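Enquirer: Given next are the chains, with one letter for each unit.
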Amino acid sequence: MIRRPKFWLGVALAIALGVYQVHNVLAYATTSYPNFAGVTTAVALKDVWVVNSTSWDAKVQSYTTNPVRNIGTIGWTWWTFRDTCNGVIIDNWVQPGSVRYGASNHWDVGVDDRDPCGGSYRGWSLGTHDFKEGDSIWRPYLSTDEGI
Amino acid sequence: MSKRKMLFIPILLLVVGLVGISGALVQVSGQQSEPPVGTPQPDLPCSSDAVTAQAVNPDELSLVSRPLPQARGTPQIGDTTAAPATASESLARPASADEQQAILQTVQTLMAQWSDTVLQGSGWLHMVTHHMRDKDRGSSLPNGQAIPLNYISETWYRLDDQGQAVEVIAFMRSEDGEPVQISTFRGNIWRNLTVGEKWDGEPFMPRPDLGFSADAAQAREWGSTLSQQTVTLAGRTALRFTMRDEFGSPLLMEGYAQPVISAERRAYFDARSGALFLLERVLVIADGKERVVERMDPITIEYSVEPPAEVLAFLQQEVTK
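Which chain is which? The protein sequence lines are Y and S, in order.
Add 758 to the 1-based position in the first sequence for this note's numbering, that's all there is to it.
Add 4 to the 1-based position in the second sequence for this note's numbering, that's all there is to it.
Chain S with its partners taken away, still in its complex shape:
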């Protein structure tokens, strides 16, 4: 075979492969072969009576089993009495591609370290987080009940030998501790017991950093920039990682009255243990003002603690839809 033919075959395969696969997919999905017109351009049962938690050293992991926030007096977004993070070292210029990669590596190393601590094979993992959101408008459940902007998320994950969650019981609670929603995952089916809906799912790995390291791994693809600072957060030394998105044109998101021109997601980690201290999201409004639109505090993360019987009972509940 001549060299020219040798080069021609892969190129031909490439073209035929792309065209063929695209066509097949269009047929599989039932869409017609021409592209769709108009496609745009783009009281918490926190196991106080539960079995002793394993694998947590309060000296090492200061976030483990902290008391839940009180219903009143909880620091709100923008609360100036809350201890601010102070930067003791900052990057004076945008990080280069190599620096971005190094930052990502640091995030992933911290996450791996923290995961090794809290995800130790099969057993129950219990995570409680406090979410404080600032939006101009909220939304409601299909049953008409308002979804609170501020809420407590409490989730029980039963992990298999591979560390995958095969059963889940999740609560959204008001800051007063009242249940707003309850959902479960059992037999590869999600069930939202509150709205009576269910859908297929599959086992997954819990994310003790609430997805920050996974997002950071997508930074290059998304055009986001990563930066890293050492800061003091409520008297503790923390590594703050920032993921910044710049929008080509002002972007109006649902629930906000004003368009934003850029945004940041900031994660504060304990440099020693890799534990997540705080996650916050910041939007930069068109006039340049920064607005902290969400703060998420980890409250409890504990391993090998059985859920209370009344919590486990939710796993057996069924929905009709």
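Next comes chain Y alone, as it looks inside the complex:
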């Protein structure tokens, strides 16, 4: 039995840092398509985070991995970020579709100001991703929201 306080302090620190990471890492949403077009894994990602009291950010990203591979078309057909206060949409920023050709990664970040809200205030990133390689097409809809 280990009774030294330093030992348990270290264990507690490791757990606390782990919990901190869980809190910070789980904010985004992803979905993936392994063996997309038989050459790569396609990944769609959306994320939302608070920067400071003034603004919050919304992100959209399409990329390939394992292995990273340039594909015919990569990006999204549409993307919107919005904030809601008690279910009411305060701002709804609709962005045009955007793609790159012959690339492995495409992303964008939108910046919105934070509005005062007396209840549940949330930021959203939503839209449909776009992956094409040869005859293979993958267009997943993905949405994430976080308290901001």
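Hints are not guaranteed to be accurate.
[Claimed, not checked] Ranges of calculated distance between the beta carbons of each label pair, as one might list FRET restraints:
1. S/A238 / Y/R858: 50 to 60 Å
2. S/K293 / Y/G796: 50 to 60 Å
3. Y/T831 / S/P263: 24 to 34 Å
These are computed hints drawn from the structure, not numbers from a lab.
Every value quoted in this text rests on a predicted model; they were computed, and no experiment measured them.
Every residue, glycine too, gets a C-beta built ideally from N, C-alpha and C.
We have chain Y already, so just place chain S on it with the hints.
Expert: Using the frame of chain Y, we list chain S on its own:
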């Protein structure tokens, strides 16, 4: 066990814990183990016919059940006829860490005092606020309807014994009182009845200060600075708290034509009751000019007043998506 081993085990646990948890999370979220490339660096039914409100003393809480603003003649942002706040005492230098903590404590004490007054256990809480925004460009709802920059927010919260909102009916109205959006929260599901969307939610604590004290509690983490002044606001003595953000490089936000270099969020509280008088947001443009981009006036806050039947009926409406 030797001392060296005793120290080694926690360090090893720390490293293994961080690596292991990170890896597990990556798997849970479905992302691949390598980091994503390209991640950036960073006519209002204001219950005039409702049951008498409880727990509000008009002498003490001057904001309670004030008449709603008229559709025309409402002071606009930058309206020089509106009584400005005048500072009678100011901080001549940036507040130290201890002073920041003391300011935060003051904000939280005021908020707790005000919450104790307006959040008294189970029952309905009714809040109405007037938002006046100044943007270069607005946005639209998914159905194409424009979202007004200036609007009235009217929200009914049904609180449980813990003071958590378990049912909500929220309206965004034009300044003429016309409904723009209606949303509800029931059975842990949010429903925006106007756009026909719904999503999961959970009970939450309403924030009579519109989130200012919660933001202030994050000031240190965000690198924001807090300051405090005693000011006169429309003939009333108020405590003005300012939360200031400085941006390392000019920041362009959606809806604004020019980048900003810093910003402030200012909350004016009644020093006696803790009631929020006014909340405003200010952006400092790259050329140094200040621009008030939002003013939020609390109009009504009342407790233990039943919503009118036509308002309650919205709770039963369903959406398809």
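Enquirer: The structure should be examined with respect to each hint, and the outcome stated for every one.
Expert: Outcome of the hint check:
1. Between S/A238 and Y/R858 the beta carbon distance is about 54 Å. The supplied range of 50 to 60 Å therefore holds.
2. At about 57 Å, the beta-carbon gap between S/K293 and Y/G796 stays in the expected band of 50 to 60 Å.
3. A C-beta distance of roughly 32 Å is found between Y/T831 and S/P263, which places it inside the suggested range of 24 to 34 Å.
Violated hints: none; the structure is consistent with every hint.
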